[in-house]
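Chemist: Please construct the entire structure, taking both the sequences and the accompanying hints into account.
Take our numbering: the final residue in the sequence shown is number 375, and no numbers are missing along the way.
Don't take each hint at face value.
Below are the DSS-like pairs computed for lysine-lysine, each with C-alpha atoms no more than 27 Å apart in a straight line [said to hold, decoys possible]:
no.	residue 1	residue 2
1	Lys248	Lys188
2	Lys60	Lys112
3	Lys292	Lys186
4	Lys60	Lys93
5	Lys186	Lys248
6	Lys23	Lys60
7	Lys292	Lys248
8	Lys93	Lys119
9	Lys119	Lys186
10	Lys119	Lys188
11	Lys112	Lys96
12	Lys60	Lys96
13	Lys266	Lys292
14	Lys93	Lys112
Restraint ranges, calculated between C-beta atoms of paired labels, are given here [what the hints assert, rightly or not]:
no.	residue 1	residue 2	range
15	Val39	Ser63	25 to 33 Å
16	Gln285	Pro211	26 to 34 Å
17	Pro47	Lys23	57 to 65 Å
18	Phe310	Ala232	23 to 31 Å
19	Gln79	Trp154	45 to 53 Å
20	Asp267	Asn221	37 to 45 Å
21	Asn78	Asn227	23 to 31 Å
22	Phe310	Phe165	31 to 39 Å
23	Ile240	Pro304	43 to 51 Å
24	Met273	Asn195	24 to 32 Å
25	Pro102	Asn78	19 to 27 Å
26	Ile36	Gly249	51 to 59 Å
If you're looking for bench data, these hints aren't it; they were derived computationally from the structure.
By construction, the Cβ of each residue, glycine as well, lies at the ideal position given by its N, Cα and C atoms.
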Amino acid sequence: MSTQFLSPEKIKDTKPPVIGLKGRRIGLRIFATVIMIVYSVVTLFPFYALFIRSFVPTKESSELHLWLPEVQEVSVNQEIGNLAVFYNLDMKAFKIAMGIPETAYIPSRDKLVDVAEKYNLNIADIQQYFEGFYLYNGWNTLFRTSMNSQTFWRALTRTFIVTFFSLLLSIILSIMTGYGLAGLKRKDQMTVYNIYLLQMVIPIMLIILPQYQLFQWIYNLFPQYNVQGSAFRYSAQLIALILINIKGTALSTMIFTSAISGIPKDLEDSAMIDGASRIQYLRQILFPLLKVPIVSLVVIQLPAFYNQFLEPYVYLDPPNSTLLPFIQSAVGQFSTNFQVIYAGVFASVVPLVILYLVFRSYFVEGVMAGAIKG
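Modeler: What follows is the structure, given as structure tokens:
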């Protein structure tokens, strides 16, 4: 039996097998999958962390929780004042549930066990009332109690109203402005266009005071506005907020002026020859051609209008505020219920996510409309 040995020269010339095309494709697919998984986890983790934080009590708000904390019962030695301050305990609802007269005064230093003894209550009934209070206090306070004389649902409704009309009117007026400035062939067009662009370098803090004084002067022309809590006062404040949002901005002017300038003028001339009016041209021809800039503006402006804080905080009365000022009302001077704030922030994000999931095909269609010519 003969044994063959490779010479040093043959061993040196031997190369490892080369990975084939199929192996490289599998490797690339695995690498892409890992990257997408990591990217998805990094993207979704803030939403997950925010959701978990909505169940973390204020006293543990400085700790990092990656899962729901362990359920703890509310001690009967808790003082009423601490429950009211740190957990936004609704004393009226507590009295009704426990059968305590609404006119009864409960000192803030009294403990739950003292209240039970004073009003002949069963300790088990009190513990049952506070069942789940440790984990779900933020959500219960947000949805069931009234903060600042209003509820979460009313604030959310006002936010939807302001956002919808701000977007709708902003798009219409921006298209009209872009149509008037398209081409920038005259000096007056360039002057108006530059005035719009000038807004990019003017901080909002410089104009918010004179702007507020201007609206107050307009409000004072109507005596009904001075009636606190009146429907006219609340409506006027919301209209003022919408007017602030739809005023000409540099971004919308640039988008629609550029888009309309790229549409051939012959198209408008042909429509006019065929007997179309200018309104018909705008509604039936120009608007459908502006799907891409409209979607672009909606994607940019929707979160800005929905998450608006400064203007609603300045112009709206607390009982008439939108979502973010309503959530901010949970911040106290000496204590803050962070559980309510985290729950409110997470709840405010959910409608935007749902809106995107429902209309995602329209967003993609609008964005892709200008990607392929022909």
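Chemist: Hints first: check each against the structure and report whether it holds.
Modeler: Evaluation of the provided hints:
1. Lys248 to Lys188: 22 Å, holds
2. Lys60 to Lys112: Answer holds: Lys60 to Lys112 is near 19 Å, not above 27 Å.
3. Lys292 to Lys186: Status holds; Cα separation ~25 Å.
4. Lys60 to Lys93: 24 Å, holds
5. Lys186 to Lys248: This hinted pair holds, its Cα atoms lying about 24 Å apart.
6. Lys23 to Lys60: Cα-Cα ~56 Å, so violated.
7. Lys292 to Lys248: 21 Å, holds
8. Lys93 to Lys119: Distance of about 17 Å is within 27 Å: holds.
9. Lys119 to Lys186: Cα-Cα ~84 Å, so violated.
10. Lys119 to Lys188: 82 Å, violated
11. Lys112 to Lys96: 14 Å, holds
12. Lys60 to Lys96: 25 Å, holds
13. Lys266 to Lys292: Measuring from Cα to Cα gives roughly 18 Å; hence the hint holds.
14. Lys93 to Lys112: Distance of about 17 Å is within 27 Å: holds.
15. Val39 to Ser63: 25 to 33 Å: 28 Å, holds
16. Gln285 to Pro211: 26 to 34 Å: 41 Å, violated
17. Pro47 to Lys23: 57 to 65 Å: Taking Cβ atoms as reference, Pro47 and Lys23 lie about 39 Å apart, which means the hint is violated.
18. Phe310 to Ala232: 23 to 31 Å: Between Phe310 and Ala232, where Cβ atoms are some 24 Å apart, the hint holds.
19. Gln79 to Trp154: 45 to 53 Å: 30 Å, violated
20. Asp267 to Asn221: 37 to 45 Å: Hint violated: Cβ distance 52 Å, outside 37 to 45 Å.
21. Asn78 to Asn227: 23 to 31 Å: 49 Å, violated
22. Phe310 to Phe165: 31 to 39 Å: Roughly 18 Å apart at Cβ, these two residues miss the hinted range, so it is violated.
23. Ile240 to Pro304: 43 to 51 Å: For Ile240 and Pro304 the Cβ distance comes to about 22 Å; the hint is violated.
24. Met273 to Asn195: 24 to 32 Å: The hinted range 24 to 32 Å holds for Met273 and Asn195, with Cβ atoms some 30 Å apart.
25. Pro102 to Asn78: 19 to 27 Å: About 24 Å separates the Cβ atoms of Pro102 and Asn78, which means 19 to 27 Å holds.
26. Ile36 to Gly249: 51 to 59 Å: Taking Cβ atoms as reference, Ile36 and Gly249 lie about 42 Å apart, which means the hint is violated.
Violated hints, listed in ascending order, are 6, 9, 10, 16, 17, 19, 20, 21, 22, 23, 26; each of the other numbered hints is respected by the structure.
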